[in-house]
Amino acid sequence: MTCIEALGLRKSFGTTVALDGVNLQLPEGRILGLIGPNGAGKTTALNAIVGLTPYEGQLTVLGRDPWAKRDQLMNDVCFIADVAVLPRWIQVSEALDFMEGVHPRFSRVKAQGFLAKTTIGRAHKVRELSKGMVAQLHLALVMAIDAKLLVLDEPTLGLDILYRKQFYDALLNDYFDRGRTILVATHQVDEIQNVLTDVMFLDRGRVAFQCSMDEIESRFAEVTVKPENAAAAKALKPINERQVFGRSVLLFDGADRQQLGALGEVRTPSVEDLFVAVVGSRAGQAQGAAV
Amino acid sequence: MNSASNVMNESPAQATTIAPVAVSWSRQLYWCVRRELWESKSIYIAPIIGAALALVACSISAMRLPERMRSAAALGRIDESGIIAGPFDLAGLLIMGVTFLVALFYSLDALHGERRDRSILFWKSLPVSDLTTVLAKASIPMLVLPVLTFGVTILTQTIVLVVSRAALAGSGVQAEAAWSQFSFWHMEGMLLYHLVAIHGLLYAPFYAWLMLVSAWARRLPILWATLPPIAVGVFEKVAFNTSYFASWIGNQLGGGQNSAAQPAGGMSMDSLTSPLPGEFLTHPQLWINLLIAAAFLALAVRLRRQRGPI
Numbered sequence: 609m610t611c612i613e614a615l616g617l618r619k620s621f622g623t624t625v626a627l628d629g630v631n632l633q634l635p636e637g638r639i640l641g642l643i644g645p646n647g648a649g650k651t652t653a654l655n656a657i658v659g660l661t662p663y664e665g666q667l668t669v670l671g672r673d674p675w676a677k678r679d680q681l682m683n684d685v686c687f688i689a690d691v692a693v694l695p696r697w698i699q700v701s702e703a704l705d706f707m708e709g710v711h712p713r714f715s716r717v718k719a720q721g722f723l724a725k726t727t728i729g730r731a732h733k734v735r736e737l738s739k740g741m742v743a744q745l746h747l748a749l750v751m752a753i754d755a756k757l758l759v760l761d762e763p764t765l766g767l768d769i770l771y772r773k774q775f776y777d778a779l780l781n782d783y784f785d786r787g788r789t790i791l792v793a794t795h796q797v798d799e800i801q802n803v804l805t806d807v808m809f810l811d812r813g814r815v816a817f818q819c820s821m822d823e824i825e826s827r828f829a830e831v832t833v834k835p836e837n838a839a840a841a842k843a844l845k846p847i848n849e850r851q852v853f854g855r856s857v858l859l860f861d862g863a864d865r866q867q868l869g870a871l872g873e874v875r876t877p878s879v880e881d882l883f884v885a886v887v888g889s890r891a892g893q894a895q896g897a898a899v
Numbered sequence: 002m003n004s005a006s007n008v009m010n011e012s013p014a015q016a017t018t019i020a021p022v023a024v025s026w027s028r029q030l031y032w033c034v035r036r037e038l039w040e041s042k043s044i045y046i047a048p049i050i051g052a053a054l055a056l057v058a059c060s061i062s063a064m065r066l067p068e069r070m071r072s073a074a075a076l077g078r079i080d081e082s083g084i085i086a087g088p089f090d091l092a093g094l095l096i097m098g099v100t101f102l103v104a105l106f107y108s109l110d111a112l113h114g115e116r117r118d119r120s121i122l123f124w125k126s127l128p129v130s131d132l133t134t135v136l137a138k139a140s141i142p143m144l145v146l147p148v149l150t151f152g153v154t155i156l157t158q159t160i161v162l163v164v165s166r167a168a169l170a171g172s173g174v175q176a177e178a179a180w181s182q183f184s185f186w187h188m189e190g191m192l193l194y195h196l197v198a199i200h201g202l203l204y205a206p207f208y209a210w211l212m213l214v215s216a217w218a219r220r221l222p223i224l225w226a227t228l229p230p231i232a233v234g235v236f237e238k239v240a241f242n243t244s245y246f247a248s249w250i251g252n253q254l255g256g257g258q259n260s261a262a263q264p265a266g267g268m269s270m271d272s273l274t275s276p277l278p279g280e281f282l283t284h285p286q287l288w289i290n291l292l293i294a295a296a297f298l299a300l301a302v303r304l305r306r307q308r309g310p311i
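Taken in sequence, the protein lines are chains G and S. Here my numbering is used: the first residue of the first sequence is 609, the next is one more, and so on. Here my numbering is used: the first residue of the second sequence is 2, the next is one more, and so on.
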């Protein structure tokens, strides 16, 4: 079953185009990383998906129109926005009471189980918790909801490395299963790439690149080329070139790995490398055009 | 039958996801109202402080009650019941004044605060509609505060009654005639009527207007709430040398003199002695006010849907 289906999704604020015809098909059971520079339209796309903003084009989430049916959709969708949005005055026990009161799929027992693994007490107010603990609390509340889609917008922004790692570990170990779908927007690419099943690069409102992680492994190769092979390597049309310690590192799309092996050391590029290659070169072109 | 139950047992997880799950609307509304009480503790703390203040003042005043009764009797004045009723009215007005202010400031912040602290993103991530949220918030000034005011006031006035009785009985002043003219339950009945009719229903458009502004304004909702009506009044005065708008507003805030709630006119609690609910409910003014309030709230729901954090 398709979880999210977007066709020609557009959104502009005045003269600024935030989303410029985005197409997306996300089947159930995937973890999609939405990656892009600041201002690429990630937050706008996520807001459209969870029904916080109107849009042009077609968008269906779990079979519903998010803008028209936000309150119904939220029975099956969880959302953690890019900053700490839990109200600072609320007490942990009040948050649990309220969630239990209004959310049909919230399990108080589960939430208390997640909270028991932290140092957060029932009587704590959000304003008394550290940033990392607020993120833990929000994640505990969200993971206790038996939802089909979890949407995360820079959920670990401003957290230290231990909390960030914990956050994604908890998500994978305690929450994710084949029946659920996760959509996460971030620019801390390296930390989540082993969590993802799919990636999508967004740049200036457009989809710059879309691929599954398996496909990245089979399609892309990065070669640290020996100086004497430089000309031969460039003849194979790399999609990107960078210099590391005076040696050329070339990125190839769909080239034969055996052939590349003769030119130098071959490895699978990280998502970050791909991102820099795809989005960085586009940005360079745009700058060049502007000059 | 058997096979069905077997299937259920085999896949409990599947059964729970397929089963239609929903929380009833009234339950969501109830929790949204409770949420407001958690967030704005002033809703009940302020009236309690007002009541405590009134109690202290009335107790001090009660010490002088026998003396005042004696001097009134010496001067041959017959409004002894007025002297007895004074502290009750004062306590009632003090508490009512406090809750009215709380209601105004609550309404002005109701849909602004959640955008200011970005918590609207959390509230909107839950399956609660904007309509439910706005209605829960509107119920605070229009329903919760009047009822709370009544409860706190009746409790305060009961204590005032006991203190006054004790002070007079201890002093040996003959006051039974005065007490016989004073009806505690009649006073409380009038109070309840006043709170429901005027604070709950006639003031509804004002609260709704403040909520609308709080959903709309990015900054300083208090200015947006007050300056436009003042501007309309001044414009009307300068352009046409009339003041229909200003007097209409004043009339509403004054409890609708010459209109719905007060067939006899006048504003003080004493003059509210002959409310006729039938007349009140059939008065067009009431229904016009309620329509205006509904329109403002509908706009506020729309705005909440569209607006994000500030």
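Warning: the hint list may mix true and false statements.
[Claimed, not checked] Taking lysine-lysine pairs in the BS3-like style, the calculated list, with each CA pair at most 30 Å apart, reads:
#	chain 1	residue 1	chain 2	residue 2
1	G	718	G	733
2	G	677	G	725
3	G	718	G	677
4	G	739	S	238
5	G	733	S	42
6	G	773	G	739
It should be emphasised that the hints constitute simulated quantities derived from the structure, not laboratory data. Model, not experiment: these values are computed from the prediction.
Each hint, compared with the structure:
1. 718/G <-> 733/G: Holds, at about 20 Å.
2. 677/G <-> 725/G: 35 Å, violated
3. 718/G <-> 677/G: 27 Å, holds
4. 739/G <-> 238/S: 55 Å, violated
5. 733/G <-> 42/S: It holds: about 15 Å lies between the C-alpha atoms, which stays within 30 Å.
6. 773/G <-> 739/G: 15 Å, holds
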